[in-house]
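Sequence order for the protein chains is A and B.
At position 189 of the first sequence the residue is numbered 189 (the numbering used here), and the sequence of numbers has no breaks.
At position 464 of the second sequence the residue is numbered 464 (the numbering used here), and the sequence of numbers has no breaks.
Keep in mind that the hints were calculated from the coordinates and are not lab data.
Okay, the calculated beta carbon distance ranges per label pair:
#	chain 1	residue 1	chain 2	residue 2	range
1	B	Glu76	A	Thr124	25 to 31 Å
2	B	Thr199	A	Thr124	49 to 55 Å
3	A	Glu2	B	Pro580	54 to 60 Å
4	B	Glu138	A	Ser180	33 to 39 Å
5	B	Leu353	A	Thr124	40 to 46 Å
6	A	Pro29	B	Ala139	42 to 48 Å
7	B	Glu452	A	Trp199	51 to 57 Å
Cut-off 27 Å, straight-line C-alpha distance, at most; resulting in silico cross-link-like pairs (DSSO-like, lysine-lysine):
#	chain 1	residue 1	chain 2	residue 2
8	A	Lys79	B	Lys222
9	B	Lys260	B	Lys293
10	B	Lys260	A	Lys79
11	A	Lys79	B	Lys318
12	B	Lys293	B	Lys318
13	B	Lys579	B	Lys561
14	B	Lys561	B	Lys589
15	B	Lys589	B	Lys579
16	B	Lys260	B	Lys222
Away from chain B, derived, C-beta distances all over 10 Å, residues of chain A:
#	residue
17	Phe23
18	Arg84
19	Met93
20	Ala185
21	Arg200
22	Thr203
We put the beta carbon where it would ideally sit given N, CA and C, even for glycine.
What follows is each chain in one-letter form.
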Amino acid sequence: MEIQLRVRRYDPESDPAPHWDEFRVEAEPSDRVLDLLHQVKWYQDGTLTFRRSCGHGVCGSDAMLINGRNRLACEYLVKDAGSRVTVEPVRGMRVIKDLLVDMDGFWDKYRSVMPFLVNDEVPTDGLERRQSPEERDRFEDTSKCIMCGACTTGCPSFWSNPDYVGPAAIVNAHRFIFDSRDTAAEERLEIMADADGVWRCRTIFNCVEACPRGINVTRAIMEVTREVSGTGHG
Amino acid sequence: MTDASARPRVRIHDLDAVVVGAGGAGLYAALELKRNLGPEARIGVISKLYPSRSHTGAAQGGVCAALGTTEEDHWEWHWFDTVKGGDYLVDQDAAEVMCHDAVETIINLEHLGMPFNRTEEGRIDQRRFGGHTRNEGEAPVRRACFAADRTGHAILQTLFQQCIRLDVAFYDEYQVLDLQMPDGPDGRVTGVVALQTSTSEIHSFRAKAVLFATGGFGKIFKVTSNAHTLTGDGVAIAYRRGLPLEDMEFFQFHPTGMYKLGFLLSEAMRGEGGFLVNGEGERFMERYAPTMKDLASRDVVSRSIYQEIAAGRGVNGKDFVHLDVRHLGAQVLNEKLPDMSGFIRTYFGLEPLTDLVPIQPTAHYAMGGIPTDIDGRVLADEGGRAVPGFYAAGECACVSVHGGNRLGTNSLLDILVFGRRAGIAMADEVRAAEAPVADRAAEAGVTTTRDELLARPDGERPAVIRAELAEIMFSHCGVYRTAALLGECRTAVRALAERAAHVVVQDKGRRYNTDLADALELGFLLDCAEATVASAAARTESRGAHARDDFPDRDDVDWLKHTFAFRDAAGGTPRLAYKPVTITRFPPKPRVY
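Only chain A is shown next, with the shape it has when bound in the complex:
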């Protein structure tokens, strides 16, 4: 089938302002939107610019606004996208070129929540730390995050306040706050209690809809919020 692909383009080296380009691409219903973008880049217009790597939804490189919703281009099939497909960069981040945005701030926020296990004591028997399946289940959902940014860039609270740490960073804080092995929950909760922390969430649930990993992002944020309140950091 022939697909009409509309792409929002912008090259700051040559364009005064963003504009729309339209391409016609032959595709199978089982092809992914990423295949459409590759068809254009490889055979029609080599200047089309986007990030991608794994091609099957596990590396998190190709979050884009496709037909009005944040998705991974490699996870959205032509049969679902239809014969007219519109692709734009995710919102709330500076566009560097076409579909590629400036992720620096996003990574800074990730780093700000201490996204690593803190516990320098190890069992004296020389084995692994023990953790029950139930204890592990507490952070199973948030350990799935691939840092694609679909949640944060789909969040109206983030659009209106770019300083908001955002759902992705909170998800990664949750990953460790609820890990029974971690010893730095207090510090993380203080970070979360900041004015630009969890309180900025307005439970709009865009993040849940946007997450390609099916993480219940809003629930994670609510759980962190409860911990923040419960420990008097609010």
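Put chain B on the given structure of chain A with help from the hints.
This is chain B only, laid out in the frame that chain A set:
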């Protein structure tokens, strides 16, 4: 013009150690460098991507170690399975190190925060995987440690997170294009030269030790589980610098790739009880591997699928068979194999609880690569001379612990054990080494390559050549090979390489020129393909993943040896040399599963 103004504009970084590639091997090495050299050490990790995008994250089913948390197991059993799995081309001293170190390494990974699945007693849970057996082949054993079916994701996250904690310096979105070797192939490696993707600027990273942890080159094949970015950059750079590539003819085809797409459906689906059926609904692996059945080693299962298809027993006469996981039940599929179930639903629109899943073998893993010793030191020749300052680990390297065929879960183990060991060895070298000498010629060469590609007004598109390369490599240098096929393939690859010298980059800009990146990657792919085909054509036997229709038997008299392929600087056929396999414990035996 003065000399100074003629010199290319290059941004310089002086570091103690440079790690190229931010997958599991690179990150574990960086971590050990920091731990061993202290917080003041200048350790840089350079990646084409953001670290969390590395392909380690796509690994699914598990990482093995004989922990024995759920049933009796011994690291010596694991050692035997690795040697047998590799069809006796494994260097047994290296495999001994890997299987022995595995236990301590997995425990250390847990201490770093790895979210392993747990047993009811709170220990690391373990499951079955292909080729892993109790007591040298009696029955399958539970040896694979896992985090659901995203074990690689969890490993990548854990190591990246700990590198952040130790303040490793990350250089994200830089494409490394050359090594610095100011004294040529006999001298030290003193750094790398890279293109910064965001600006197209050339950066010179100078360091006392360099690690390549750049991953594989599965994109030389049409149907592959590999990411678009796995183009063999590091492997090809070493090859261009006159260093050998070891055992390139051994490339693993994983049996259960998603039909046409090539992405993997984890071996854990069979480890948890799934099995293959042909077009007649028969569980055909019982005929090929009576004991291990669907959990025979990957090369055996992939060839069995090809034979079923060749005999007309593919599904509807086509080139695929079915994976049946319907009987595993919702709990196993949702809790232990959630990502796999999701792939089946998303990309096929099928329901694993009720539908059969179309699969075909997919190019998955390079057993070969840059030869190293057990501490990651790169070897300059088949005699074992090490290149000072240069290390490699992970899929781009060949230790050789996988021999002719890697066992499932041994790749994640390889990156951890040898990434870690390389980091420790590099720390020692950094302490003793003098300040690195810059390689101006390398800096100038990379600058010229960039400028020429950007200046060329017209030519063929790189993607056209890339697609032709992947097509012929898959059809002519795939699961089954012959002298005739390989001869045609070699001619075709050479012709493609000539065309590749005239490709056009349409994007003439400097910011995030991914069109330029594609053109550069094409050259790396072609070099990897050249070494692969030449090594395969020379090996007139069948062993592990290298199956010759015209030489169907393993030949331990003439071929119990590693191939070392050296690039011919004049563009001719690579020179091949050979190195004996190290056999310390397990004499070669016929391989039956």
